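In the order they appear, the protein sequences are chains A and B. The first sequence begins at 181 in the working numbering and counts up one residue at a time. The second sequence begins at 448 in the working numbering and counts up one residue at a time.
If you are wondering where the hints come from, they were derived from the structure by calculation, not from laboratory data. The model shown is predicted, which means the values in this text are computed figures rather than measured ones. The beta-carbon is built from N, C-alpha and C at its ideal position, and this holds for glycine as well. You may find that some hints are simply not true.
Stated by the list, open to error - Stretches of chain A that chain B covers, calculated by requiring three or more beta carbons in the stretch to come under 8 Å of a beta carbon on chain B: (1) 218-225; (2) 272-283; (3) 327-336; (4) 351-364.
As the list claims (entries may be wrong) - Taking lysine-lysine pairs in the DSS-like style, the calculated list, with each CA pair at most 30 Å apart, reads: (5) B:Lys-538 / A:Lys-381; (6) A:Lys-393 / B:Lys-711; (7) A:Lys-483 / A:Lys-443; (8) B:Lys-711 / A:Lys-381; (9) A:Lys-378 / B:Lys-493.
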Amino acid sequence: MTKKNKEKEMVLLQGNQAIAYGALAAGVNFFAGYPITPSTEIAEILSLELPKRGGSFIQMEDEIASISAIIGGSLAGAKTMTATSGPGFSLMQEGIGFARMTETPCVVVNVMRAGPSTGLPTNPSQGDIMQSRWGTHGDSPAIVLYPNSVKESFELTIRAVNLAEKYRTCVVLLSDEVLGHMREAVMLPDLDDVNIVKRIKPNVPPEWYKHYKNNPKYRTPVANFGEGYRFHVTGLAHDELGFPTNKSEEVDEMMDRLDNKIKHHVDDLIQIESFMMDDATTAILAVGITSRAAKAAVLMARKLGKRVGLIRPLTIWPFPNDIIRKYFSEVKTIIVAELNQGQLYLVIKRIMAYKKKRRIVPLLRNDGELITPQQILDVILEGK
Amino acid sequence: MEKISQKTIHKYLRHNKHFPHVWCPGCSNGIVLGATIRAVAELGLKKDDVAMVSGIGCSSRMPVYVDLNTLHSVHGRAIAYATGIKMVKPKMNVCIVTGDGDATAIGGNHLIHAARRNIDLTVILINNNIYGMTGGQFSPTTPTGDIATTTPYGNIDPVFDICELAMGAGATFVARTSAYHAIEMKSFIKQAFVHDGFSLVEIISACPVIYGRLNRKGDAPEMMRNMKENVITASAYEKLAPENRENKVIRGILRNVDKPEYTKQYAKLVESLKPKAEDSNGN
Ligand SMILES: Cc1ncc(C[n+]2csc(CCOP(=O)(O)OP(=O)(O)O)c2C)c(N)n1
Ligand code: SF4
């Protein structure tokens, strides 16, 4: 990928490559990681590309070190990212919470593989939907994105980096083994056309600077280490200056700030695709790689005259509760297809609980294989 | 040598709302704080150019008091956070304040790998032989036989020699002193800051309130006297009869060598990849 990609051409890219190139396009200039299948290509590509661009790459001693290093790097002013899979993602949880608590932008990519434990390292899964939301201790909102194509892997990586900056938090980008390793032809955008969110630098005198301003306009200027503003960062509950506090009013303000900056901007955060939902009486809910089979199943069912549609959130968290309720308000059957033991199924059951006369059917697969269009079609046909 | 006045020290402290500090009376942590500030001041380092990173523990509470770029991270990971800062801003002086548990138990992996890389970080390791913050559980440096709240029958674990560990892992500047030897401490911390590579200064310290009480080590002054008598130079150690060497710990600069520093190596790599006008890549 060149800076001036004037003559645009189609390139054949792997999902993981697209994530690496997306990171570069978004301005990621520090990556720290630890190898793990099926995410390793991301680190390999960035080890090749970052030094060429004056950025930094480091292979750390483990995933805990990796997330720690990218948080440190972000505090020093870089746009930072790491990439991992299930076992590494588990190790990163404390760090993810620290980044959320200290409002330090960074991106964690989790190319999901089948678990639990070492599981099936080279097989896909969607087992970390809930871990990406609730994996770290304590209670704090999460931003989690999940593409379903190579092109979207590129685009959502850029979006993840931008959202991390905009909302000053750790954004998780989910992918899965199949998405990460499959190749598709994509047209990469001109880098000049890529929208990049830059950190707003403070211009107040240092003694006025507050690293954590309680400001309803959440985008406040943010200083970096080593640039004249000597602020304090701690994972302890802190006041606007970043200093530890246990005064309940100050803790409350902090918790509200963390919560509201996500809660009040759901519209900005949510991306969702609806496919053939206009007249649908049966809806499939699927994300990531499974949504591709679901789309194929919708087309097969339509050929048979069935009124079936698909809903696919690209933003998994915050979950698009209200939009989905609207889409599903008239459908009779909802099929939730996913590669786990029913994580999104639980969410759909919960948000649709207000209307009892509706079938919600889980279609789950846990054996490291993908759900096929035919499997989904069978469930669609059974329902009639 | 320029004398650092009390007033100068105050210039390095944060006065808005962080005092009194959390440390117990007689704790060594304050002495290390004083020596660290004196080192930074005597070296004339610009406050903006210094980052102080810590983990979790009594010792790790230090950064909040100091008017530097300060990061109080999570337990055990300070060196990894600091590595990220240093990679992004190699010109910054990045020091780590950490405890024996923070650095050698939960954080042992990061310690040895940062030492192996020889990345230019300055580790100020306050070794009080116990987990102070959590109320006195044993650490990898609690002497065998000693009492901690989780070794009620006496500790059966062998101990780490932290300096040996750091040297074994590749640290290029390693020194040990005690909280009693405050002037030497300052001098070692200064040299560690100046050293271009991974440096570690182990400071044998007193936690009179927990470790001292559990092990009947006397009050704070008594523990200070012990440090004075037992933390000795290599030459003093050599002069002792073998039977008198038990309980003695050697202080001094144990290693000071020059080896390629990690971020400089990385910068060289970046330089070598730059497209050159005449197509040679310099080697
Ligand atoms: C992941 C994690 N595990 C455990 C703890 C609890 N904890 C806090 S401080 C500490 C030990 C601190 O001992 P040391 O590093 O020796 O520092 P000291 O308090 O003695 O200065 C422990 C176990 C924690 N905060 N985080
Ligand atoms: S518990 Fe020990 S180490 Fe902690 S502040 Fe008190 S004396 Fe110092």
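We went through each hint and held it up to the structure:
1. Only when three residues or more bring their CB closer than 8 Å to a CB of chain B does the claim for the region 218-225 of chain A stand; here the count is 0, and the claim is violated.
2. Given as covered by chain B, the region 272-283 of chain A passes the check, having 3 residues with a CB less than 8 Å from a CB of that chain where 3 are the minimum.
3. For the region 327-336 of chain A, the assignment as covered by chain B is violated, since 0 residues bring a beta-carbon within under 8 Å of that chain's beta-carbons and 3 are needed.
4. Three residues within the 8 Å Cβ limit are the bar, and the region 351-364 of chain A against chain B gives 0, so the coverage statement is violated.
5. Annotation: proposed proximity of Lys-538 of chain B to Lys-381 of chain A holds, straight-line Cα distance about 20 Å (limit 30 Å).
6. Of the supplied pair hints, the one linking Lys-393 of chain A and Lys-711 of chain B is violated, its CA atoms being roughly 37 Å apart against a limit of 30 Å.
7. Restraint check: the Cα-Cα separation between Lys-483 of chain A and Lys-443 of chain A comes to about 40 Å, which exceeds 30 Å; the hinted pair is violated.
8. With a C-alpha separation of about 28 Å, the suggested pairing of Lys-711 of chain B with Lys-381 of chain A holds against the 30 Å cut-off.
9. Of the supplied pair hints, the one linking Lys-378 of chain A and Lys-493 of chain B holds, its CA atoms being roughly 27 Å apart against a limit of 30 Å.
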